[in-house]
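> We have chain A already, so just place chains B and C on it with the hints.
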Amino acid sequence: MLSYIVRRLLLSVLTVWAVSMLSFAIIQLPPGDYVSAYIAQMQAMGTLLSEQEAANLRILYGLDQPVYVQYLKWVGLAVQGNFGMSMEWGRPVLDVIGDRIWLTLMVSLSAVVFTWIVALPIGIYSAIRQYSLGDYVFTFIGFIGLAVPSFMLALVLMYLGFVLLDANIGGLFSVEYADAAWSLDKLWDLMQHLPLPALILGLAGTAQMIRIMRANLLDELRKPYVVAARARGLSHTRSVLKYPVRVALNPFASTIGYLFPYIVSGSIIVSLVLSLPTVGPVLLKALIAQDMFLAGTIVLLLGVMTVIGTFVSDLLLMWIDPRIRMEGR
Amino acid sequence: MAEAVVTGGAFTTAAEERISVATQWQLMWWRFRKHRLALVGGIVVIIFYLVVIGADFLAYSDPHASEAQRGLLPPQFIQFFDEGRFRPHVYAIKGKRDPVTFKRVYVADPEDKIPIRFFASGFEYRFLGIIPSNVHLLGVEGTTAEESIFLLGTDTQGRDLFSRLMYGTRISLTIGLASVALSLFLGILLGGLSGFYGGAVDTVIQRIVEVLRSIPTIPLWMGLAAALPREWSIIQVYFAITIIISLIGWTELARVVRGKFLALREEDFVMAAELAGCGRMRIIFVHMVPSFLSHIIAATTLALPAMIISETSLSFLGLGLRPPAISWGVLLQQAQNIQAVAISSWLLLPVVPVVVAVLAFNFLGDGLRDAADPYGI
Amino acid sequence: MQTTLTQNRQAPLLSVRNLKTHFFTDEGLVKAVDGISFDVRPGETLGIVGESGCGKSVAARSILGIVERPGRIVEGEILLRREPQNGRAAEIDLTRLDPDGREMRYIRGGEIALVFQEPMTSFSPVHTIGNQMVEAIRLHRKVSPRAARERAIEMLRKVGISRAEHRVDEYSYQLSGGLRQRAMIATALSCDPRLLIADEPTTALDVTTQAQILDLIRSLQAQNGMAVMLITHNLGVVAEMADRVVVMYLGRVAERGTVDDIFHNPRHPYTQALLRSIPSVESTPRVKLPTITGSIPHPYNRPRGCPFHPRCPSFIPSRCDQTEPALGPVGPNQEASCLLYEGA
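Line by line, the protein sequences give chains A, B and C. Letter by letter, the first sequence follows residues 1 to 329 of the numbering used here. Letter by letter, the second sequence follows residues 330 to 706 of the numbering used here. Letter by letter, the third sequence follows residues 707 to 1050 of the numbering used here.
Bound conformation, chain A alone (with noise of 0.2 Å):
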């Protein structure tokens, strides 16, 4: 047990290795270097930097020393919470993303445990009743939420709210409550405009699940031992819900260590549809304006929160598999 945490505790740091890797690379890839940029831009905006401020920011970063160097100083301040300065916005990078960060946290688990609590029963109802007229509609459904992409399903559904309703159905919080602090209220707000950014963007992954689900569990019906079980006395429908959806669940919950980058990704794009305050549309801005500290942070950030999220699920997968509990033993 010991080991197997270890073992995907090494891999969860390989991985935001990795990503910071990919992040720097990002920072790094346009020409010219950043101080140079953030120089020019200050000038745009009134501001002259001195010969002395530009220097010290050039030690800061490193920039006159190897690359390996100005990767290892970035990290460093990263580590200490300071990831640099927006170029557009003239402040620091986590000002503006600010509560971003945790929107986009709370948009992507919602639409997780949307994908869970939909995916789960159906799958299972799909398996027990195959070739039943519901598995055809929920297997209709799952290829069409499998073939729209979520930020196409998300302007179809934005077209609809606008003809049908005649209401802008984008957005997280009400307007009244969009630049209020934090409060219960706000909260509840919240809570009602996230089903919708939920359903749009776990669609696609309930439908894979839905398609997991239901393949893993056919599989473990012709298993003996379910027959095993039943010839126990259990009933067909006690026998089906204790064993095999059980072991069932074990590739189930496997894949939402994928289930949840794939939905952090697809949540960027259909921020920008729904106009959804995540980091998603700051990232996009950003990365056109060439502003590359707060676009490299971003991505950094948001493959740190997968990793956790990925972390997290592995070892709900412990929990559910006792074979994984006992390696090692």
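Check each hint, because a few of them may be wrong.
A few chain A residues that don't get close to chain C, going by computed Cβ distances all over 10 Å [said to hold, decoys possible]:
{"hint": "1", "residue": "Leu199"}
{"hint": "2", "residue": "Val247"}
{"hint": "3", "residue": "Asn250"}
{"hint": "4", "residue": "Thr255"}
Distance condition first, Cα-Cα at most 30 Å in a straight line; then the derived BS3-like pairs of lysine-lysine [what the hints assert, rightly or not]:
{"hint": "5", "chain 1": "B", "residue 1": "Lys363", "chain 2": "C", "residue 2": "Lys737"}
{"hint": "6", "chain 1": "C", "residue 1": "Lys726", "chain 2": "A", "residue 2": "Lys223"}
{"hint": "7", "chain 1": "C", "residue 1": "Lys848", "chain 2": "C", "residue 2": "Lys864"}
{"hint": "8", "chain 1": "B", "residue 1": "Lys363", "chain 2": "A", "residue 2": "Lys223"}
{"hint": "9", "chain 1": "A", "residue 1": "Lys242", "chain 2": "C", "residue 2": "Lys864"}
{"hint": "10", "chain 1": "A", "residue 1": "Lys242", "chain 2": "A", "residue 2": "Lys223"}
{"hint": "11", "chain 1": "B", "residue 1": "Lys442", "chain 2": "B", "residue 2": "Lys425"}
{"hint": "12", "chain 1": "A", "residue 1": "Lys242", "chain 2": "C", "residue 2": "Lys848"}
{"hint": "13", "chain 1": "C", "residue 1": "Lys726", "chain 2": "C", "residue 2": "Lys737"}
{"hint": "14", "chain 1": "A", "residue 1": "Lys73", "chain 2": "A", "residue 2": "Lys223"}
{"hint": "15", "chain 1": "A", "residue 1": "Lys285", "chain 2": "A", "residue 2": "Lys186"}
{"hint": "16", "chain 1": "C", "residue 1": "Lys737", "chain 2": "A", "residue 2": "Lys223"}
{"hint": "17", "chain 1": "C", "residue 1": "Lys864", "chain 2": "A", "residue 2": "Lys223"}
{"hint": "18", "chain 1": "B", "residue 1": "Lys423", "chain 2": "B", "residue 2": "Lys442"}
Hints listed in this document are in silico derivations from the structure and should not be mistaken for laboratory results. Don't be surprised by glycine CBs; every beta carbon is placed ideally from N, CA and C.
Showing chains B and C alone in chain A's frame:
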């Protein structure tokens, strides 16, 4: 089904007798044929690629011919009958002043009929990039198609959406193919190495796959795509996007290949070939590859939709292909503004081919995957 | 032997009459079991033999009402007899019960228990052995979880599993094949069934373990006085264990009789051929064993007439391929379905 339930050697031996004369590919075809949806999917995919080849022929208007005057025209339908006789025509579009708002509005004039001609001449193109031609499926008499046929309406710059969709199909589907080909190469190479050599090679490659799969792809793509120099040509961007998409997309294919290699390594027939004194290369290429080639084809088909969606998403964000390139994603950029869509709903139409193509590839891939295992249940 | 004889005169515990279980597959109709009849008497061991695919296992599953779709019992009766008590009928036709109903579920595991071939996969991999045993016990006995657990440990001990109080909390993948099959038997017997159906209980085990498991079944049978229906393709096992034998071929009963009759005086050409193909110490070394010519026909196109006629050495042209033989007496305690003996 029955074979499985009746625990039966007898059943399978007899079944094998019946089909023992068929080759593997014949078996797969028989199995595939039974899969209705997969057949339909296959036909749709073929139609899509016919469009890719014949986009210039099917488009009746020059996709870049813009005319602000014709901006955001709604779809106009072809009238097939004129006074009870088959005489296809469209109504001419006339600009008028709205008496209340004094804005120019365009209305179809039923009095002014423009006859449609088939295989008419229009703008010049090179078929397959080689043969010069100006023949198009549809054309009009007396005027130009650009000014008269708007099957799916026009965009803000007055370009014909139908013709643009034809060209978009060409780019979106070939970029998908190109990315999948590159992913396949990477996937087979790395998956094969991983599955065949095992040990440290396997561990390293598996960790890379796991790391790549646990990073959210879209932000990463965005970051990489945004770094492409603005001054690059369409072709350069096209290939850069292909590479960016496949750099992350190969993991799934590698997983399939590795899994097959690992499973096959343990199979009795591989052991038998080894005992019979076959060389390593012969075992890989004569015994192992044919038995999972079909799986690879299926996995590739299933990987294509993801590639198509990736391109569409990036281009939609303005980070992938950029105008004047035309792809489904570029076309959808016009639908970014929801107020515009609410008024001109036909701007959402490029969603349809994306969904249809993705569905078709999925059905086809599912059918292929089932058929790839002709001896399975 | 003495007890067996007296018990033989009792009314059968289970009577299968003209049972037909068919599978309605996409490729066609498979008559997996096509009109079989036999009795199981209290305390005896009935061996059911035949090549794989002859319908033995489907017959066993039909008795328990757990035939999977697209299979279905289409005809016949499965009569279970028991002491009449508090309003329960003394004789009950299992084919008429709702397969997922209360009554049937009570019988499954409670009166008729099943042990089958795959000990590797007969336990859920994600639950402990004890969990599954306790569940079975509490389904059939009104006892506390603690008492059920005690019972489970006692049963595990009874089937010869050492450190039963530890094993009860282990998962099936932690046990060896032989131990797993023992645990399986312990689970099956935990509710004192009157009939144990053992479907190829030893096929997946190595020879030494096979013998141990068979000994175990025999000694438990002697202790509990239950009947055993032993399904196997291994004639040696049948000869060792069974009192009476039913030989099946392509979903039908080819021959049935006492173990002595079947082994020393087989009448059906199929039984004779089967017995000839067993290696024995008397066989001449380095001479090929006689095999049954041809292979089992595909169930979708079962031959007309006697199903065995294409492979039969005593095939009578234009008779065996036309007429379906019925089961008829060929000795005092022996019946065969063969036209050689019909009307003779």
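> For each hint, tell me whether it holds in the structure or not.
These are the hints, each one checked on the structure:
1. Residue-level check passed: A:Leu199 sits 31 Å from the nearest beta carbon of chain C, beyond 10 Å.
2. Not every CB of chain C is more than 10 Å from the CB of A:Val247 (nearest about 5 Å), against its label as outside the interface.
3. A beta-carbon of chain C comes within 10 Å of the beta-carbon of A:Asn250; the shortest separation is about 8 Å.
4. The Cβ of A:Thr255 sits about 17 Å from the closest Cβ of chain C, beyond the 10 Å cut-off, so the non-interface label holds.
5. Between the alpha carbons of B:Lys363 and C:Lys737 the distance comes to roughly 24 Å, so the proposed pair stays at or under 30 Å and holds.
6. Straight-line distance between C-alpha atoms of C:Lys726 and A:Lys223 comes to about 24 Å, which keeps the hinted pair within the 30 Å bound.
7. Only pairs whose Cα atoms come within 30 Å are accepted, and C:Lys848 paired with C:Lys864 is accepted, the gap being roughly 22 Å.
8. Our distance criterion of 30 Å between C-alpha atoms is met by B:Lys363 and A:Lys223, whose separation comes to about 26 Å.
9. Our distance criterion of 30 Å between C-alpha atoms is met by A:Lys242 and C:Lys864, whose separation comes to about 27 Å.
10. Between the alpha carbons of A:Lys242 and A:Lys223 the distance comes to roughly 14 Å, so the proposed pair stays at or under 30 Å and holds.
11. Among the hinted pairs, B:Lys442 with B:Lys425 is consistent with the structure: their alpha-carbon atoms are about 18 Å apart, no more than 30 Å.
12. For the hint linking A:Lys242 to C:Lys848, the alpha-carbon distance of about 20 Å falls within 30 Å, and the restraint holds.
13. Under the criterion of a C-alpha separation no larger than 30 Å, the hint pairing C:Lys726 with C:Lys737 is consistent with the structure, at around 7 Å.
14. Distance restraint check for A:Lys73 and A:Lys223: the Cα-Cα separation of roughly 56 Å exceeds the 30 Å cut-off, and the hinted pair is therefore not satisfied.
15. Taking the CA atoms of A:Lys285 and A:Lys186, the gap is near 26 Å; set against the 30 Å cutoff, the hint holds.
16. The suggested pairing of C:Lys737 with A:Lys223 holds, with an alpha-carbon distance near 23 Å, which does not exceed 30 Å.
17. Restraint check: the Cα-Cα separation between C:Lys864 and A:Lys223 comes to about 27 Å, which is no more than 30 Å; the hinted pair holds.
18. Distance restraint check for B:Lys423 and B:Lys442: the Cα-Cα separation of roughly 12 Å lies within the 30 Å cut-off, and the hinted pair is therefore satisfied.
Comparing the model with each numbered hint stated earlier shows that hints 2, 3 and 14 do not hold.
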